[in-house]
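Residue numbers (the numbering used here), protein chains in the order written: chain A, 1279 to 1521; chain B, 7 to 374; chain C, 170 to 474.
Keep in mind that the hints were calculated from the coordinates and are not lab data.
Heads up, a few of these hints could be off.
Stated by the list, open to error - Computed cross-link-like contacts, EDC-like style, restricted to lysine to aspartate or glutamate with a CA-CA straight-line distance of at most 16 Å: (1) A:1418 <-> A:1373; (2) A:1418 <-> C:211; (3) C:305 <-> B:24.
Claimed, not checked - Residues from chain A that keep clear of chain C, each with C-beta distances beyond 12 Å, as calculated: (4) 1293; (5) 1306; (6) 1324; (7) 1383; (8) 1401; (9) 1450; (10) 1461.
Claimed, not checked - Okay, the calculated bits of chain B under chain C, using three or more residues with CB under 8 Å as the criterion: (11) 16-26; (12) 203-217.
We put the CB at the ideal spot given by N, CA and C, even for glycine.
The lines below spell out each chain.
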Amino acid sequence: MDVITADKLTKRFGDFVAVDQISFSVKQGEIFGFLGANGAGKTTAMRMLTGLSRPTSGQAQVAGFDIYRDVEKIKRRIGYMSQKFSLYEDLTVSENIEFYGGVYGIKARDLRLKTSQLLSELGLQEVARTLVGSLPLGWKQKLAFSVAIMHDPALVFLDEPTGGVDPITRRQFWEMIYQAADRGVTIFVTTHYMDEAEYCDRISMMANGRIAALGTPQELREQFQAPDMNAIFLKIARGSQTA
Amino acid sequence: MRQLRIVILKEFYHILRDSRTLLILFGLPLVQILLFGFAITNEIKGAKMAVVDASGDDISREMVQRLTASDYFIYQGRAGSREEVLHLFREGKIKMALFIPPNLQRDFYHGEATEIQLLADATDPNTATTLVNYATAIINDYQLEKLDAQDAPFQIKTELTMRYNPLLKSVYLFVPGVMTVILMLVSAMMTSIALTREKELGTMEVLLVSPLQPPFIIIGKVIPYFILGMVNATLIVTLGVLVFGMPVQGSWLLLGAETILFILTSLALGILISTRTDSQQVAMMMSLMALMLPTIILSGFIFPIESMPRPLQLLSNIIPAKWFIIILRNIMLKGVGFDFVWRETLILFGMFSFFTLLSIRNFKTRLA
Amino acid sequence: MTTHPPALVFDNIHKSFGPVTALEGVSLEIGRGELFGLIGPDGAGKTTLMRILTTLLLPDQGAAQVLGYDVIKQWRNIRREVGYMPGRFSLYQDLSVAENLHFFATLFGTTVAENYDLIRDIYEQLEPFRKRRAGKLSGGMKQKLALCCALVHRPQILFLDEPTTGVDPVSRQEFWQILNRLQDQGITIFVSTPYMDEASLCDRVALIQDGHFLAVDKPGALAASYEHPLYAVKARDRFRLLQDVRQWPPTYQAFPFGEQLHLSTRTEIDPQQLVGYLTQQGHQEITVTPTAPTIEDRFMELMTH
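Based on the sequences and whatever the hints tell you, model everything.
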């Protein structure tokens, strides 16, 4: 089953075509890497898929809903986590969980159960009443991810999720992502850190509003005859500059 | 001092390129002065007035004419009786009534004691007081004039004229007030925001790591706001004089010197705030709460200090704006010299030295 | 032979902010002309160390000299000789490219023309946008402009705090090429980064974590000092693969590593042995190959010691 299908999705701002007829699909439980340089159009594309921006033309379904007609339904079925902002630093761990549970309409009894379950999975029972601002970055990120998938979304958008954390925490974080994907949650990662991209099942690279490469890391390495994602990215970016 | 010059120049670029800053710097003084001058005025114009004239002689007619010739009163007509006047009051047709006793002219020239009664609608006490004050002033004026012309024999008369601002023009009070508020805003708030912005953007780090001596960073950033403060002060006084006919009785030089002292005091306060905060937002909140509110409320600009409760009266003493407003009013309206404002000047100077010392002590040549 | 003091030397630096310890006794010596990398995650103490060395913060304990000047007593001398580029590119957003550069040149008592040869390479790329406000530049352009501003007075030593964070791979690659050319001109460079893959571009690196140096060495030597046999393992179901590999008795540690996972074992193993075990567990498309450890592997190994 496809969780995202996009067909010739386009967004123009005046004369400028930010996203130019992109078509792709993402399967359920897949970890999909959505890459591109700043200004390549990935933020605009992601805004359309999350219902924050109306496309100029083209079609897309997210979690089975149309992105023109069923924006509110889509929002209930997706989660979102950004590196910069996800949790309120001046609220405690349990207050943050309570808040997001409330936002997504989780019933009080379910929420209590989920909260204690989540805290014990993360080993955060001891700090449940601690302000999030005083937690180490790695803990915050794991908590932010858990909160983002607390309402069992079909699909979760992660924006540069592991920038700046130490290598062990980073791997623990990817293990959490793998685990969620294993349970059937689809993961949509936007990033411009290429080594982060290597952890994805499949990757798309955008340049100048178009998808310039799409495939598994191995397929891309063979197609571009490059050793890693970084080298592929450099090839694509250089190509688009001269074009 | 090329380095200092470039810091000053850069600050001007910041100011001139930010339309919001420009608006605060030049739009606000203009709007405030015009608003206070024309719209939010406690001057009353065209209040309707009725007269019960039991004399009906030349003096009484001239007096009524004098009153209604001013902008303040509109003659609503003669009334026959006290009952009629009260009725007019109840219907809200008039704001004030004048009762003239019989034989006014005779009593006047014979130096007999006469009483003219003023009746005002005190549902709005401020308006009533103001109207009565206007009328009293005009009547006294008239009386004085008449007596002079007559070369009358020695008479005892009560002096009731309002001195320095005989017609209670509110704009005379607002010009010094607005000037104080604007200078506080430009010098203290804008400076503290400009300094904390450098911290927030991280450019303060680069400036500190440069060979430029740390005090010069501050001086360079502050000089533009000093200049702007002077420009604003000039703008406000010019508007006051040209548009509202505000008098400047005293020495222009003294006015300028006192203004400089007040700007320096405000700059010191702005720097002090910036040494205590790291974000523009906090700097702005601190400036608004700790500087602007007291300047507007406790300085005597809008609410007379004499009618405040005792604790607030005491508190008003530590507000620099209070002293500056007193100085301004003295110079502009009373036309007095330094010998009459030296005490207030000394207090301001003391505050300036204190704040400067405090900011020097708080300023760090490093980050933390 | 002249006896220059080393470009940078510090010994047993401690720094705390209230209850938070940022640096806990770090020491190092860097020679003239070296390109030195300070590598570690956010919150490891990189920025604090940068700020102490650029005289912006005082250490609680320990001593440091930059170009032979003491960071506490001779901060004025240091501020004249160093170039510093703080974390967020500290440019004036409302000033144009040319104005920013002119400002910083004047601040350091020099002119753009005087040291133009040093920044020519970089500035030529910015030239087309010289009238554009710095706030409207792309991340990569801002980074280059900030570098120009830090270089315009021809400093002997350059401190760069995370210059490549938030910048796309193309700009990152160009930036490192620029650093190499500056090094050729004799400038000592002390650069911090959270990206492990940038370690190999430095002469020497210090790995920093929780206010400690885990190791200081040449990048090649660091990777080579990895203590266990290392294998790259791949199968179709990654999540289950990780669980199963961790259950395997010879396993020391297993971590995801890109699309593979890196398995370190207590002793040398025969890859076929693991393939057999994983086939038994029902895995498909299994590959197990010995692989060369990276700095990141070594970093993790040092973290768990």
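For each hint, the structure was consulted:
no., hint, result
1, A:1418 <-> A:1373, "holds (14 Å)"
2, A:1418 <-> C:211, "holds (13 Å)"
3, C:305 <-> B:24, "holds (15 Å)"
4, 1293, "holds (18 Å)"
5, 1306, "holds (15 Å)"
6, 1324, "holds (17 Å)"
7, 1383, "holds (29 Å)"
8, 1401, "holds (17 Å)"
9, 1450, "violated (9 Å)"
10, 1461, "violated (9 Å)"
11, 16-26, "holds (count 5)"
12, 203-217, "holds (count 10)"
Figure legend: structure checked against the earlier numbered hints; hints not met, in rising order: 9 and 10.
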